[in-house]
Amino acid sequence: MTLFEGILLAFLIICAISVSVTRNLLASIIIFMGFSLIMSVLWLTLEAPDLAITEAAVGAGVTSLLFFATLKKIHAIKAEDAKREEDDSDEE
Amino acid sequence: MRSDGFLKSLVSFVENGSFREEDYTLSPAQKDALDTDIPENRWLLSVQHSEKPVSARLINWFSHKGVEVFNNLYRIASVFICVTLIGILLSVVSFLPSFGSAENPAVNEVVERYVSKAIQETGTTNAVAGMISAYRGFDTLGEAHVLFVAACSVIVLLRVDPSERKRGRRLNPDRVGGDMDYEPNSDLILRKTAKLLVPLAFIFGLYVILNGTSSPGGGFSGGAIMGAGLILHSVAFGFKRTERFFGDEMYHVIKTACLTVYALLMAYFIYMGANGWDDHVWLGNPGGIISGGLILPINIAVGFEVACTMYCFYALFRKGGL
Amino acid sequence: MPAFLQHLFTNYYETAAIILFGIGFTTLLMHRNLIKKIIGFNFMDSGLYLFLAAKGYIAGRLAPIITDGNADPSKYVNPIPTGLVLTGIVVSVSVTAFLLALTCRLYDRFHTLDLDEITHLVRKERD
Numbered sequence: 067m068t069l070f071e072g073i074l075l076a077f078l079i080i081c082a083i084s085v086s087v088t089r090n091l092l093a094s095i096i097i098f099m100g101f102s103l104i105m106s107v108l109w110l111t112l113e114a115p116d117l118a119i120t121e122a123a124v125g126a127g128v129t130s131l132l133f134f135a136t137l138k139k140i141h142a143i144k145a146e147d148a149k150r151e152e153d154d155s156d157e158e
Numbered sequence: 002m003r004s005d006g007f008l009k010s011l012v013s014f015v016e017n018g019s020f021r022e023e024d025y026t027l028s029p030a031q032k033d034a035l036d037t038d039i040p041e042n043r044w045l046l047s048v049q050h051s052e053k054p055v056s057a058r059l060i061n062w063f064s065h066k067g068v069e070v071f072n073n074l075y076r077i078a079s080v081f082i083c084v085t086l087i088g089i090l091l092s093v094v095s096f097l098p099s100f101g102s103a104e105n106p107a108v109n110e111v112v113e114r115y116v117s118k119a120i121q122e123t124g125t126t127n128a129v130a131g132m133i134s135a136y137r138g139f140d141t142l143g144e145a146h147v148l149f150v151a152a153c154s155v156i157v158l159l160r161v162d163p164s165e166r167k168r169g170r171r172l173n174p175d176r177v178g179g180d181m182d183y184e185p186n187s188d189l190i191l192r193k194t195a196k197l198l199v200p201l202a203f204i205f206g207l208y209v210i211l212n213g214t215s216s217p218g219g220g221f222s223g224g225a226i227m228g229a230g231l232i233l234h235s236v237a238f239g240f241k242r243t244e245r246f247f248g249d250e251m252y253h254v255i256k257t258a259c260l261t262v263y264a265l266l267m268a269y270f271i272y273m274g275a276n277g278w279d280d281h282v283w284l285g286n287p288g289g290i291i292s293g294g295l296i297l298p299i300n301i302a303v304g305f306e307v308a309c310t311m312y313c314f315y316a317l318f319r320k321g322g323l
Numbered sequence: 016m017p018a019f020l021q022h023l024f025t026n027y028y029e030t031a032a033i034i035l036f037g038i039g040f041t042t043l044l045m046h047r048n049l050i051k052k053i054i055g056f057n058f059m060d061s062g063l064y065l066f067l068a069a070k071g072y073i074a075g076r077l078a079p080i081i082t083d084g085n086a087d088p089s090k091y092v093n094p095i096p097t098g099l100v101l102t103g104i105v106v107s108v109s110v111t112a113f114l115l116a117l118t119c120r121l122y123d124r125f126h127t128l129d130l131d132e133i134t135h136l137v138r139k140e141r142d
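Chains as they are written, first to last, in the numbering used here: chain A, 67 to 158; chain B, 2 to 323; chain C, 16 to 142.
For reference, chain A alone in the conformation it holds in the complex (with noise of 0.2 angstroms):
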C-alpha cells in the first residue's frame, strides 16, 4: 500500500461518514461531490483511466448538480439560509 493511496482510501471513509452526520443537505452534497472527484483519483491509481474521465463528468459533475437542482426546487437552499440568518441574528 503507498502512503497516497491509503490517505485517499481514508479520506474516502471519512467522507461517507460525514455525510451520514452532517445535517445541512447542501453540505452533505458538497461532501458528495468531493468524494466522486477522490473517486476518479482512484480509478486512476487502479489503472482505469476510462473510469476516471466518466466518474470525473458523471459523479461530481451531472449527479452533483441534479441534487443542486432537486434542493432548489423543493427550496432546502432557501430554507436553510433564512434558518441561518435566524440563527445569526439570535447570536447577536
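Hints are computed from structural coordinates only; laboratory data are not their basis. Predicted model, so just to flag it, every value in this text is computed and none were measured. Note that beta-carbon positions come from the ideal geometry of N, C-alpha and C, so glycine has one too. Hints should not be assumed to be uniformly reliable.
As the list claims (entries may be wrong) - Taking lysine-lysine pairs in the BS3-like style, the calculated list, with each CA pair at most 27 angstroms apart, reads: (1) 118(B) - 90(C); (2) 193(B) - 138(A); (3) 52(C) - 138(A); (4) 66(B) - 138(A); (5) 52(C) - 139(C); (6) 256(B) - 193(B); (7) 196(B) - 241(B); (8) 241(B) - 256(B); (9) 138(A) - 241(B); (10) 139(C) - 66(B).
To be verified - Selected chain B positions facing chain A (in silico; Cβ < 10 angstroms): (11) 127; (12) 216; (13) 224; (14) 291; (15) 307.
Said to hold, decoys possible - Stretches of chain B that chain C covers, calculated by requiring three or more beta carbons in the stretch to come under 8 angstroms of a beta carbon on chain C: (16) 90-99; (17) 145-157; (18) 275-281; (19) 310-320.
Given chain A's structure and the hints, the job is docking chains B and C onto it.
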C-alpha cells in the same frame, strides 16, 4: 362461542388499540376532581392503575413513549445489522485472492483474448472500448436504452406543459417546477468564464468521443462532458439562449436518430456475426481517429445521446421542460 | 498480527470498498430524509464499483491501451471490470435522476422530505 368472543375482542384490540379502555380509565379532569385525602378515593385511583390490563397499559405506554423508543431501537438495530453485514463481508474478503496478483482467477483466457486480438478483430487500441462496443456490444445497447428509459420516466414525472406553466405560475407562484423566473441574468464573472469554458468543454467532449477507440474515453464519458458544457451554457446565459440552438424538437430528433443509428448498426453486427458471415467493415488504421470500424459511429451516436440525456435531466429539474 | 487482519491489509482496496458499502447501507437505513437516502444509495454503488475494479487490477501492469502494437496480454490489467463499471456508473446516474424526480413529486404533494411524515400523511389521507 367463547372463541368467538375472544376473536371479537382481538379484532377490537387490533382496530382500536385497546380492550375497551374507557371501562378502566378516568379522564384527567375526573382525576383532578377526586380528593386524594379521602382514603376511598385513593383506593379508587390505585385500582384505576392496577386493574387496567397489562395489554392496555402497554398500548398506552407505546402510544406515548413507543415511537421515541422505537426510533432509538431502530437506530441501534440498523447500526447493529450494518456492522454485522460489514463483519461477514470482511471475513469473506480475507479469503479472497490477494490484491494485485496475476494469479487471480478473474484473469483467464477471456481477458487474454480481449487484449491480444483487440487490434485484429475490432481495430481498436483501447481494449476497453473494443470490449464494450464490439465483444459485449449487446450489453452496451441495453445500457443506452436504460438511459433512454430513465429520460422518458423523468419527463413523465416532471414535465410541465408550457401553457400550463404560465397559467400555473400566475395562480400559484410557489408551485414546484416554476422557478424559471429565478434565473440570474447579469452575472458578469460567470458569463465571462462560461464564454471561455463552454467551447472548450464542447471541443474536449468531441475529442474524447472521436479518440475513444485509441485512448481512454468513448461515447459515455465524452457525451457526459458535452452535456456538462450544455448545462454550463444554460446556467450562465439563461434557458432562452440555449433554447435557440437546443430546444424541444432538436432534443427529440437527436436522441431518436442517435438511438436508431446505434440499434441499426448493432443489428447489422449481430446479424452478420450470428450467421458467421464477414461483416465487410473497413477497420481503419489502429491508433488513429478513423479506426475501429463501426465502433467510431457507435461512439458518436452514444456520445450525442448521452449529452442530450444529461441536459434533459437538468432542464427538466430546473424548469419542467426542454 | 492475526492472519485475518493481515489478509484484510493485503486486500486493502476491497476492505475499503466493503466499509463504504456498509456506511452507505447504514445511511440508507438510518436517515429519514429522502435525499440522504439517495446519497447513501450512491455510496453503496461506489463501494461495489471500487470492489469490482480492485479485482481487475494487477500490480505493475498498465492500463489496457495497446501501445507500439505490442498486444502481449501479460503487460496489461484486466479490462473486463472496467467495462462493467463503466456501464454501472452510467446506469447509476440514470437511477439517481429517476429517484430525485420521484422525490420532487413527493415534495410537490406532501411538502416534506421526511419519510415518516409522508407515511403518516398517506395513512391519514386513506382513512
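Hints, verified against the model:
1. Restraint check for residue 118(B) and residue 90(C): satisfied, since their Cα atoms lie roughly 14 angstroms apart, inside the 27 angstroms limit.
2. With a C-alpha separation of about 24 angstroms, the suggested pair residue 193(B) and residue 138(A) falls inside the 27 angstroms cut-off, and the hint holds.
3. A C-alpha spacing of about 18 angstroms is found between residue 52(C) and residue 138(A), which places the hinted pair at or below 27 angstroms, so the restraint holds.
4. At roughly 36 angstroms between alpha-carbon atoms, residue 66(B) and residue 138(A) are farther apart than 27 angstroms, so this suggested pair is violated.
5. Between the alpha carbons of residue 52(C) and residue 139(C) the distance comes to roughly 24 angstroms, so the proposed pair stays at or under 27 angstroms and holds.
6. Distance hint between residue 256(B) and residue 193(B) is unfulfilled; the C-alpha atoms sit about 30 angstroms from each other, more than 27 angstroms.
7. Note on residue 196(B) and residue 241(B): the hinted pairing holds, with a Cα-Cα distance of about 16 angstroms set against a maximum of 27 angstroms.
8. Taking the CA atoms of residue 241(B) and residue 256(B), the gap is about 21 angstroms. The hint holds against a cut of 27 angstroms.
9. Distance hint between residue 138(A) and residue 241(B) is fulfilled; the C-alpha atoms sit about 19 angstroms from each other, no more than 27 angstroms.
10. For the hint pairing residue 139(C) with residue 66(B), the CA-to-CA distance comes to about 21 angstroms; that is within 27 angstroms, so the pair holds.
11. Nearest Cβ of chain A to the Cβ of residue 127(B): about 8 angstroms, under the 10 angstroms cut. The hint holds.
12. At about 8 angstroms, the closest approach between the beta carbon of residue 216(B) and any beta carbon in chain A falls short of 10 angstroms, and the interface hint on this residue holds.
13. Because the closest C-beta pair between residue 224(B) and chain A is about 9 angstroms apart, less than 10 angstroms, the hint holds.
14. For the restraint placing residue 291(B) at the interface with chain A, the shortest Cβ-Cβ distance is roughly 20 angstroms, beyond the 10 angstroms limit, so the hint is violated.
15. Restraint check, residue 307(B) versus chain A: the minimum CB separation of about 9 angstroms is within 10 angstroms; hint holds.
16. By the rule of at least three residues with a Cβ nearer than 8 angstroms to a Cβ of chain C, the coverage given for the stretch 90-99 of chain B holds, with 8 such residues.
17. Only residues whose C-beta sits within less than 8 angstroms of a C-beta in chain C count toward coverage, and the stretch 145-157 of chain B has 7 of them, enough to reach three; the restraint holds.
18. Given a C-beta distance limit of less than 8 angstroms, the hint that chain C covers the stretch 275-281 of chain B is violated, as 0 residues qualify and 3 are needed.
19. Chain C is given as covering the stretch 310-320 of chain B, and this holds because 4 residues of the stretch bring a CB closer than 8 angstroms to a CB of that chain, at least three being needed.
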